[in-house]
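Q: So the chains spell out like this:
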Amino acid sequence: KAGVTQTPRYLIKTRGQQVTLSCSPISGHRSVSWYQQTPGQGLQFLFEYFSETQRNKGNFPGRFSGRQFSNSRSEMNVSTLELGDSALYLCASSFSPTYNEQFFGPGTRLTVL
Amino acid sequence: QQQVKQSPQSLIVQKGGISIINCAYENTAFDYFPWYQQFPGKGPALLIAIRPDVSEKKEGRFTISFNKSAKQFSLHIMDSQPGDSATYFCAASKAAGNKLTFGGGTRVLVKP
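Protein sequences appear in the order of chains B and A. Residue numbers for the first sequence follow the numbering used here, so the first one is 176 and each next one is one higher. Residue numbers for the second sequence follow the numbering used here, so the first one is 1011 and each next one is one higher.
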């Protein structure tokens, strides 16, 4: 069974631009969560989606948004990029919100110049 | 508010030794406690997990010890190998929902 896939793997943007990251969960998994990983703040929860609905949201500004499609694939968007948004963005999938076991993808490394 | 505190930040252990990483949590609503292993350039990989109704869980060379009253849990890596050199993260979540709160991470270096 294929793991969680994330595209693109690397991205370079400039301040003020916007970016869209994509995540395909493990087949059969319907819950997708997003995390930001930085050296300073560590791993921080962004949001969780299940059945195309956002179930949980972390403490991030409104510039960070996401969505989930009917096939469980998910996208996250960051608008008006800031230097501090440079990070590894990780997607994790789970069978359901109550199943708890989450499996992470390789991440998208975003660099904002 | 850091809800999951992890220590030490780094540790060096000789091959064959025992690596011990500790975590403490504050939120008594947490019901699921996983450990993740992350290699450079990779996403975190689920290693082992425990729920509060069990005080210890062992999978191969990895053991989680859980102390509900102290709100602490720890990871023991027995017979540490150079291939275990990685960053380890403890985490916690509530029963319903997949919002993981992570500890700060421990960089483990196993010397041959």
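Please note: incorrect hints may appear among the correct ones.
[Unchecked claim] With a cut-off of at most 30 Å between alpha-carbon atoms, the simulated BS3-like pairs for lysine-lysine come out as follows:
1. K1078/A x K232/B
2. K232/B x K1121/A
3. K232/B x K1081/A
4. K1104/A x K1121/A
5. K1052/A x K232/B
6. K232/B x K1015/A
7. K188/B x K1052/A
[Stated by the list, open to error] Partner residues aside, some chain B positions facing chain A, computed with beta carbon under 8 Å:
8. G217
9. F220
10. N275
No wet-lab data here; the hints were simulated from the structure. Just so it is clear, CB atoms sit at the ideal spot from N, CA and C, and this is done for glycine as well.
Q: Run every hint past the structure and note whether it holds.
A: Do the hints match the structure? See the list:
For a cut-off of 30 Å, the pair hint linking K1078/A to K232/B stands: about 27 Å separates their Cα positions. Simply put, K232/B and K1121/A have alpha-carbon atoms about 41 Å apart, too far for the 30 Å limit, and the pair is violated. For a cut-off of 30 Å, the pair hint linking K232/B to K1081/A stands: about 25 Å separates their Cα positions. At roughly 37 Å between alpha-carbon atoms, K1104/A and K1121/A are farther apart than 30 Å, so this suggested pair is violated.
Straight-line distance between C-alpha atoms of K1052/A and K232/B comes to about 24 Å, which keeps the hinted pair within the 30 Å bound. A distance of roughly 21 Å separates the Cα atoms of K232/B and K1015/A; the hinted pair therefore holds under the 30 Å criterion. Distance restraint check for K188/B and K1052/A: the Cα-Cα separation of roughly 21 Å lies within the 30 Å cut-off, and the hinted pair is therefore satisfied. About 5 Å separates the beta-carbon of G217/B from the nearest beta-carbon of chain A, less than 8 Å, and the hint is met.
The beta carbon of F220/B comes within 5 Å of a beta carbon in chain A, closer than 8 Å, and the hint placing it at the interface holds. Interface restraint check for N275/B: the shortest CB-CB distance to chain A comes to about 5 Å, inside 8 Å, so the restraint holds.
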